[in-house]
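Q: Following the hints, put chain B in place on chain A, whose structure we already have.
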Amino acid sequence: MNRNQQQLNQSISLYQGYALVMSTLIGVGVLQFQRGIVQEAGPNGVWTILIGGLTPLAEVWLVTLLMKRFPGKNIVQLTRDLLGTDKNPRLGTWLSLPFLGALSFFWLVATAIVARTFGEVLIGAILPMTPMEVIIGTLIFSATFVVVQQVHIVARFCEFLLPVLFFPITILLLTLVQGVELENFLPLFELNWKQVLNSVLSSSFVFAGISVLYIFMGYYQQPKQAMKPHLLAVLTVIFGYWVTLATSIGVFGPQELTVMMWPTLDLVKQAEVPGQLLSRLESPILSIWVVAVFTTLVTIFASFVDLGVTLFNLKERHRKWLAWGAAPVIYGLAFWPSDVEELLKWGDRGGWFGFVVSFSVALILLGIAWVRGRKGRKSDASSSA
Amino acid sequence: MPNLDPGITRRVFFAPCIWVLLEFKVCFLRERGSLTVVVMCMRKGWQRRKNLKKQQQLERRSREKLNQKLDEAPVFPEVKKNADFIVELLGDSTDLITRWFTIQYTPDRRAVVMFIDGMVDSKTIDESIFRPLMLKGEEIRVKEDLWKIIYESLVQSGEVKKVNQLKEMVGSLLSGDAILFVDGYSEGAVIGTKGWPQRGVEEPRAESVVRGSREGLTETLRVNTAMIRRRLRDPDLRLKDYKIGKRTQTSVTLLYLEGIADEAVVKEVERRLLEINIDSVLESGYIEEMIEDDTWSPFPQIQNTERPDSVVAHLLEGKVCILTDGTPHALIAPAVFTQFYISPEDYFDRFMIATFLRLLRAAAFLIALLLPTLYISFVSFHPEMIPPPLAIALAAGRSTVPFPSIVEAMMMELSVEILREASIRLPGPIGPTIGIVGALVIGEAAVTAGVVSPLMVIVVGLTTISSYANPSYNAAISLRLLRFPLMILGALFGLYGVVVGLLLMLAHLVKLRSFGVPYMAPFAPLRWKDLKDTLIRVPWRWMDRRPTFFRPEDHQREEGGNSP
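Note that the protein sequences, when read in sequence, are chains A and B. Quick note on numbering: my numbering labels position 256 of the first sequence as 256, and the sequence is numbered without any gaps. Quick note on numbering: my numbering labels position 205 of the second sequence as 1205, and the sequence is numbered without any gaps.
Any given hint could turn out to be false.
Just some of the chain A residues that point at chain B, by a computed CB distance under 10 Å [claimed, not checked]:
#1 I126
#2 Q150
#3 H152
#4 L162
#5 F166
#6 I169
#7 I171
#8 Q225
#9 M227
#10 L231
#11 E282
#12 P284
#13 S287
#14 V290
#15 V291
#16 F294
Below 27 Å or equal to it, Euclidean Cα-Cα: the simulated DSS-like pairs (lysine-lysine) are [as the list claims (entries may be wrong)]:
#17 B:K1532 / A:K228
#18 B:K1148 / B:K1167
#19 A:K228 / B:K1529
#20 A:K224 / A:K68
#21 B:K1080 / B:K1161
#22 A:K224 / B:K1529
#23 B:K1148 / B:K1080
#24 B:K1161 / B:K1044
#25 B:K1243 / B:K1194
Derived DEER-like restraints, expressed as beta-carbon distance ranges [stated by the list, open to error]:
#26 A:T93 / B:L1316: 49 to 59 Å
#27 B:I1465 / A:P163: 23 to 33 Å
#28 B:W1528 / A:F141: 33 to 43 Å
#29 A:L173 / B:A1391: 25 to 35 Å
#30 B:G1326 / A:R317: 48 to 58 Å
#31 A:K194 / B:V1538: 55 to 65 Å
#32 B:P1432 / A:L173: 40 to 50 Å
#33 B:R1545 / A:P187: 50 to 60 Å
#34 B:R1513 / A:P163: 21 to 31 Å
#35 A:T93 / B:M1505: 37 to 47 Å
Rather than coming from a laboratory, the hints here were simulated on the basis of the structure. Quick reminder that beta carbons are idealized off the backbone N, C-alpha and C, glycines included.
Chain A with its partners taken away, still in its complex shape (with noise of 0.2 Å):
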């Protein structure tokens, strides 16, 4: 019985931790994330995306290297650990407030901003006469029925869908084939170093998200080898984003991507099927959006109820209780930007604010666990079964 409870609930394999990191960071930003690249950086963005391509790398390395160490145990429980004494584990708690605040603070956010994000593009592009709240209603509504369930379902939801995100590489390159004129990508490195900076930063804005590790990954089966799958994992999406916006500079050019309010749906508008089957591809590719969004939107918002549970012990069946009031909360902040330009600020914002606050927690936390000596006890749970 304990070896089953114990398989339970460190059941997320690798290949899920890879599936969970790669569809949590590909959301809504790859609808948009050109722009703010392209004003930096011009033409330059085919590279300097490379460069911001570190950060979140250095991220997920910091986040994996800190969980591997407390194996079995999420950012709450890790905290309570770490933070409180033997004598008094309480303080723990106590102590580790500001961080989980902050964390969920984010993720209440970030929820609400995707869910948002992604109203305003499915009535500018396919849906115009529907209502704003009908669209955000259903997809909180949907993503609820998914996070109320168990965080490992959660990880299983996303593993089974990630073969779906991989399509659009292909329609890309297909437009790659097609339309790209090579002339768009001209100038190169003419570029201050205050510019790359910039666009350094408003890349890395991108992968938000990772810090859903924080709560995942306490459910690992392995989390020893977690570091592999999660670096892979940033990497393949570095490579999709950079593919997406390689394209896109190749397509439309530096000039004209600056005023496109979503280059890449324009992109794929620019996308020729062979046979005839299908005439335009904007609205099969916003289906797989709707996908990814919605990865992203659950495994976040399952973070942030996982983190409720956890926090306040409570029992598996009140997670629903939990997840279903929180739906009208993140429903009421969805609608607080009053239009998209607010909503795109309130976007660079949170992810700032998410990746400053991710590698805060990882740096500060580690360096506490190393000040302190302190280790998880548990092993592997493959191991030890």
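A: For chain B alone, coordinates are given in the frame of chain A:
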């Protein structure tokens, strides 16, 4: 609300509270009359409850008494008493045959044989019970105890059992055995004489294959176990019998391969079978519904099959099989999503063909589930996706249709479903004819009349045909069901609605478990090695290990040395 006097607020807030308190007081202190009424009402209710309780208790006691009477009654030494008891228990049923006779060995003793007419093979009874008992008794030379002689040499039947409890005797009598009592012995004999008219072994109706065995399971449990045993001569094959259904006392057999099936699954199935508390089991569907994991799911979590070879194949994958007397449908548990889209034939045909057929079936699955939905969402939300020539043709076809596409699609889908249902009920050979004629005529007429567009007819036809490409009926039926909510979602939100609908479906599927096995295995959780036998089928030579997600105890299916 500026400068509101705090005193007023307090008064406004407290007044109702005080009023409620006062009311309570009045309720308790008012004149005795109303209080008495209240008490009377309470007492009446209490009386009724008490009466009900008393009645229930009485009923329970009488039932217990009856059971006790039956449970503990031993076989009486007086043969008359035994016979009377059974006749009385069965309420003088007309099909109970009681035959009195004398065994010639000791003419002073009476004996009786009882059996149920129609459930026994009367030839066996005549030849192996009556003839030796009535005639051969004299020929026995060694004088010994009569009862021993009867058991040892007079009753010439393979299945004879001595029983000293009347309840067991009655149970055997009702399941088609003959029972024998002899005067002076407080023991009876149960003689296996089961033999009722049976349907022969025929080709299964629902799961026909081009290549493969033509035998299907029948309604008789013993014939079924024999068919399975004949294909699987493994000493590790285990059969466990249960009687389920308080009144029907249906025999149910659990089959599994010891050393291959996961012990935990076997235990779990056994536990759930024993927990069933129902008065009748007329078909394995009763059991399926009582033991499945999630009743609130449109997806079947236990497979049923009519094919003995299929049962054997599942047993060899480490699953368990539940056979129910009275139905040719065996249950297979645990089941995963993919196995409902696999035909037994896939393993008999060459692997390339099997793979092709499986991909074809996957396409049919998607068409059956999504085609009408996609039609609706394309027509009403995303006309830009349709290539221009087709869009023009479509618009021309739809120009006379007075309804929005959802109404059009719903109408057609519903009429096809009705046709399908009707053609099952229609007698024998005219069923399919009427179905075809109905579909052709109605479809053609509807297009000519301008009620539906020609493309809609194609869509509906394709959908229906595709749902027939599914090898398993109960999985196909769940698709038919899910199509309608998806159509509504498509009509409301276009492709977005469809995707959200599919995501919700997936969320449910991923959560589902069948006896501890994740329903979407081996896709989620992903096991690369087990993908060999899902959407594709690799050659048998490479399927050297059993699927791991059923957690078989013996993984090896083929030893090495199978290389070409």
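Q: Would you mind marking each hint as holding or not holding in the structure?
A: Hint by hint, here is what the structure shows:
Taken as an interface hint, I126 of chain A checks out: its beta carbon lies about 6 Å from the nearest beta carbon of chain B, inside 10 Å. About 9 Å separates the beta-carbon of Q150 of chain A from the nearest beta-carbon of chain B, less than 10 Å, and the hint is met. Proximity of H152 of chain A to chain B holds as hinted, the smallest CB-CB distance being about 9 Å (cut-off 10 Å). At about 9 Å, the closest approach between the beta carbon of L162 of chain A and any beta carbon in chain B falls short of 10 Å, and the interface hint on this residue holds.
Because the smallest distance between the Cβ of F166 of chain A and any Cβ of chain B comes to about 14 Å, over 10 Å, the interface hint for this residue is violated. This hint is violated: I169 of chain A has a C-beta 19 Å from the nearest C-beta of chain B, more than the 10 Å allowed. The closest approach between the C-beta of I171 of chain A and any C-beta of chain B is roughly 14 Å, which is over the 10 Å cut-off, so the hint fails. Among the interface hints, the one on Q225 of chain A is violated; its C-beta lies about 16 Å from the nearest C-beta in chain B, farther than the 10 Å criterion.
Interface restraint check for M227 of chain A: the shortest CB-CB distance to chain B comes to about 20 Å, outside 10 Å, so the restraint is violated. Restraint check, L231 of chain A versus chain B: the minimum CB separation of about 20 Å is more than 10 Å; hint violated. A distance limit of 10 Å between C-beta atoms decides the matter here; for E282 of chain A the minimum to chain B is near 8 Å, and the interface restraint holds. The restraint placing P284 of chain A at the interface with chain B holds, with a minimum CB-CB distance near 7 Å, inside the 10 Å limit.
Residue-level restraint check for S287 of chain A holds (minimum Cβ-Cβ distance to chain B is 5 Å; threshold 10 Å). Interface hint status for V290 of chain A: upheld, as the beta-carbon distance to the closest one in chain B is roughly 4 Å, under 10 Å. The restraint placing V291 of chain A at the interface with chain B holds, with a minimum CB-CB distance near 6 Å, inside the 10 Å limit. With a cut of 10 Å, the hint placing F294 of chain A at the interface with chain B holds, because the nearest CB-to-CB distance is about 6 Å.
With a C-alpha separation of about 26 Å, the suggested pairing of K1532 of chain B with K228 of chain A holds against the 27 Å cut-off. Restraint check for K1148 of chain B and K1167 of chain B: satisfied, since their Cα atoms lie roughly 22 Å apart, inside the 27 Å limit. Restraint check: the Cα-Cα separation between K228 of chain A and K1529 of chain B comes to about 21 Å, which is no more than 27 Å; the hinted pair holds. Between K224 of chain A and K68 of chain A the alpha-carbon distance is near 5 Å, which keeps this suggested pair within the 27 Å criterion.
For a cut-off of 27 Å, the pair hint linking K1080 of chain B to K1161 of chain B stands: about 21 Å separates their Cα positions. About 23 Å separates the Cα atoms of K224 of chain A and K1529 of chain B, which keeps this hinted pair within 27 Å; it holds. Of the pairs offered as hints, the one joining K1148 of chain B and K1080 of chain B holds, with about 21 Å between alpha carbons and a cut-off of 27 Å not exceeded. Simply put, K1161 of chain B and K1044 of chain B have alpha-carbon atoms about 57 Å apart, too far for the 27 Å limit, and the pair is violated.
Under the criterion of a C-alpha separation no larger than 27 Å, the hint pairing K1243 of chain B with K1194 of chain B is consistent with the structure, at around 17 Å. With their beta carbons about 53 Å apart, T93 of chain A and L1316 of chain B fall inside the hinted range of 49 to 59 Å. Roughly 28 Å separates the CB atoms of I1465 of chain B and P163 of chain A, a value that falls within the hinted 23 to 33 Å. For W1528 of chain B and F141 of chain A, the hinted distance range of 33 to 43 Å is satisfied, since their beta carbons lie about 34 Å from each other.
In this structure the supplied range 25 to 35 Å holds for L173 of chain A paired with A1391 of chain B, their Cβ-Cβ distance being about 27 Å. The hinted window of 48 to 58 Å between G1326 of chain B and R317 of chain A is violated, with their beta carbons roughly 39 Å apart. Under the hint 55 to 65 Å, the C-beta atoms of K194 of chain A and V1538 of chain B, about 57 Å apart, fit the expected range. Between P1432 of chain B and L173 of chain A the beta carbons are some 48 Å apart, a value that agrees with the proposed interval 40 to 50 Å.
With their beta carbons about 58 Å apart, R1545 of chain B and P187 of chain A fall inside the hinted range of 50 to 60 Å. At about 23 Å, the beta-carbon gap between R1513 of chain B and P163 of chain A stays in the expected band of 21 to 31 Å. For T93 of chain A paired with M1505 of chain B, a C-beta distance near 39 Å keeps the hint of 37 to 47 Å intact.
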